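Q: Chain order of the listed sequences is A and B. The opening position of the first sequence corresponds to residue 1 in my numbering, with each subsequent residue numbered one higher. The opening position of the second sequence corresponds to residue 1001 in my numbering, with each subsequent residue numbered one higher.
Not one of these hints is a red herring.
As a list, the in silico BS3-like pairs of lysine-lysine whose alpha-carbon atoms are at most 25 Å apart:
1. B/Lys1294 x B/Lys1379
2. B/Lys1237 x A/Lys237
3. B/Lys1354 x A/Lys250
4. B/Lys1148 x B/Lys1129
5. B/Lys1354 x B/Lys1129
6. B/Lys1354 x B/Lys1294
7. B/Lys1250 x B/Lys1235
8. A/Lys237 x B/Lys1235
9. B/Lys1235 x B/Lys1148
10. B/Lys1141 x B/Lys1129
11. A/Lys354 x B/Lys1250
12. A/Lys379 x A/Lys354
13. A/Lys235 x B/Lys1237
Here are the simulated distance ranges between beta carbons:
14. B/Glu1255 x A/Ala17: 24 to 30 Å
15. A/Val384 x B/Ala1367: 58 to 64 Å
16. B/Glu1139 x A/Tyr258: 26 to 32 Å
Sample of chain B residues lacking proximity to chain A, with all beta carbon distances greater than 10 Å (derived):
17. Lys1129
18. Pro1130
19. Glu1145
20. Asp1225
21. Met1228
22. Ala1233
23. Arg1234
24. Arg1256
25. Asp1328
26. Gly1353
27. Glu1368
28. Ser1375
29. Ala1383
30. Val1384
Read the hints as simulated data drawn from the structure, not as lab findings. A quick note: this is a predicted structure, and the numbers were derived from the prediction, not measured. Built from N, CA and C at the ideal position, the CB exists for glycine as well.
2 protein chains.
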Amino acid sequence: MENRIPRADESHRFQAAQLDMPPRLLLGPGPSNFHPRVRQALSMNEVGHLDPSFIHLMNEVQELLRYVWQTGNRFTIPVSGTGSAAMEATLANCVEPGDVVLIGVNGYFGERLCDMASRYRAEVRRIEKPWGEVFSPEEIKAGLERHKPAILGLVHAETSTGALQPMESIGRLCREFDCLLLLDTVTSLGGVPVLLDRWMVDIAYSGSQKCLSCPPGISPLTFGDRAMARLAARKTKVANWYLDMTLLGKYWGDERTYHHTAPINMNYAFREALRLVAEEGLESRWERHWKNAKLLWDGLGDLGIRCHVDERHRLPSLTTPVVPDGIDGRAVAGYLLRNFNIEVAAGLGQLAGKVWRIGLMGFNSRAENVTLLLSALEKALSAV
Amino acid sequence: MENRIPRADESHRFQAAQLDMPPRLLLGPGPSNFHPRVRQALSMNEVGHLDPSFIHLMNEVQELLRYVWQTGNRFTIPVSGTGSAAMEATLANCVEPGDVVLIGVNGYFGERLCDMASRYRAEVRRIEKPWGEVFSPEEIKAGLERHKPAILGLVHAETSTGALQPMESIGRLCREFDCLLLLDTVTSLGGVPVLLDRWMVDIAYSGSQKCLSCPPGISPLTFGDRAMARLAARKTKVANWYLDMTLLGKYWGDERTYHHTAPINMNYAFREALRLVAEEGLESRWERHWKNAKLLWDGLGDLGIRCHVDERHRLPSLTTPVVPDGIDGRAVAGYLLRNFNIEVAAGLGQLAGKVWRIGLMGFNSRAENVTLLLSALEKALSAV
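Generate the whole structure from the sequences, applying the supplied hints.
A: Below, the structure is given as structure tokens:
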């Protein structure tokens, strides 16, 4: 037997130190900190991905997701990857080569939708607004008339700008133009009202690590009947095996056919995060996010700092304060991290150097965090 | 403010019970149970995905992976998904439409490689062996001569059959035929010798939840210089945004450019799992897996049960005992789960109903587990 054991090369072997991470307060664009009960669930003892107890948990996760998304969609599941994987899954499954896909681009994530759709060989068209603004129903209608898309993709809560896209009446327009409505709810789900069925949204995705306050690594998506019909009518195989919903549907559906090994412990954590939402209730949760956002906005005003986004379209879960003239935004963020263990993010793309991105998401949307942040920010502004 | 809070539909809201999972001993084809230190690391306090402390951890994970894989490959990273995502990532990046990809198919995962490669529009060719057998260098040489592939894909440890593909001399053949060698090491990495550089493997992937004994949800891949050159020479964009290594490389490389939010806590757990391998040392670990597998094989022999795979090519981390005549294999597995909380799996594909799949992987490769399993199996055989 011993002759089957070769010598190992030791050149990359080293003794890593015991894991020790700093106690950060995550007030950037995500991840947010998670609730202590989510942490406990995460480290619960593991079972197999086809264990009867896990199958039961999968059903619970699906039903809790329907509540959080306010949808009756049967096909509502978490994808085994981060939010970007769920984002890509929606396009990979619904786009066939040559389809016209119209994207509302008013920030980084609209751009990414264009990039992803093009990789599935969609004919991508764009309507655009400056970063921080939103689309009016008239602008969307004009886009639908002009481009006659198979899918309209919008970002509900633009994490790069802090703008919240109003959704009333857009679903009806999409039906009128026989177009599927795809919605990015990454930074809105569980923090601000997302009413998928009322808004007639056909396809949506989100992340776990924003207003749901679960670690990153699992991310939900949902397909309504019109999207499922489109999936069933595909002429070509989905050009992505891992994210192929015709295969995944058999694992999450009645067949329970093995597809890939689900991230067991991430599903535990996700269930607990969703369970906390159901306990609190969506209305209370939405109100809490608004109240704490308002506290932040008022406090920023007191410091003489204005917000980039007009209050009518301002996202409660992510605020983009304008960096005052003469201040180095990155230096302030660095100061907050080094001196107070607080993470806030700098702007990106069109807003690089111009704004900060401050998240009050899920568990982190609490008055004590706002108070600490404002006080620390005041110190940082005078120190850098 | 209150008028911004709509009424929520309560129809899918329910009070889920406190999370409570049964204490399973996972002796199937994976996931395996993880070490108590991995569990602790998993629930360590979270930081942001661009936090300096996380960037430091990423470097450590990469270096530990190089040791475990016995490679100097600079591009060695964990993918933010389960093993199937890393598997797909290798093909998505290295295949361009029309490329000839030759796959050795002697089990379920060879079949999957064919399916995945076809989705990236490869011209897929196959060499085949019955499930449980392996390819000889002569058979592989004949395949290379006949098909002149750009990539040869092999499964080192076939989780569906329990066969271990010998790798000596295959890398040299691939260089001779100017072909990249891609290797599935999902059920071998960290359990049986995997010597990527010595074997001249260009591309490899694995999972976290087998012999590395980390929860599923993160999975490594590595590209050698020849694979990186191929990636750099691509004429088309990678047809998968989430798994595009030209983008991911910027996050894991010196630039640290945001791509997607890494699964922070899964990276903590993965680092600890790799750290445990480095502490134990690969040679000791390989020997431990052989010793406990031998214990299992001898014990099965004592029960009159033979193994499906010839001992010369038998995988220590996954054994496929033949279900004796007149015994219902699924009923035995069910009995073990219900009465002893032990998970073993039934066969699949060509081996459905014919074998069990018993894993002794990573933390679970221990004498006490073998002893318990053999004793429980004996009881199950007389009970069903």
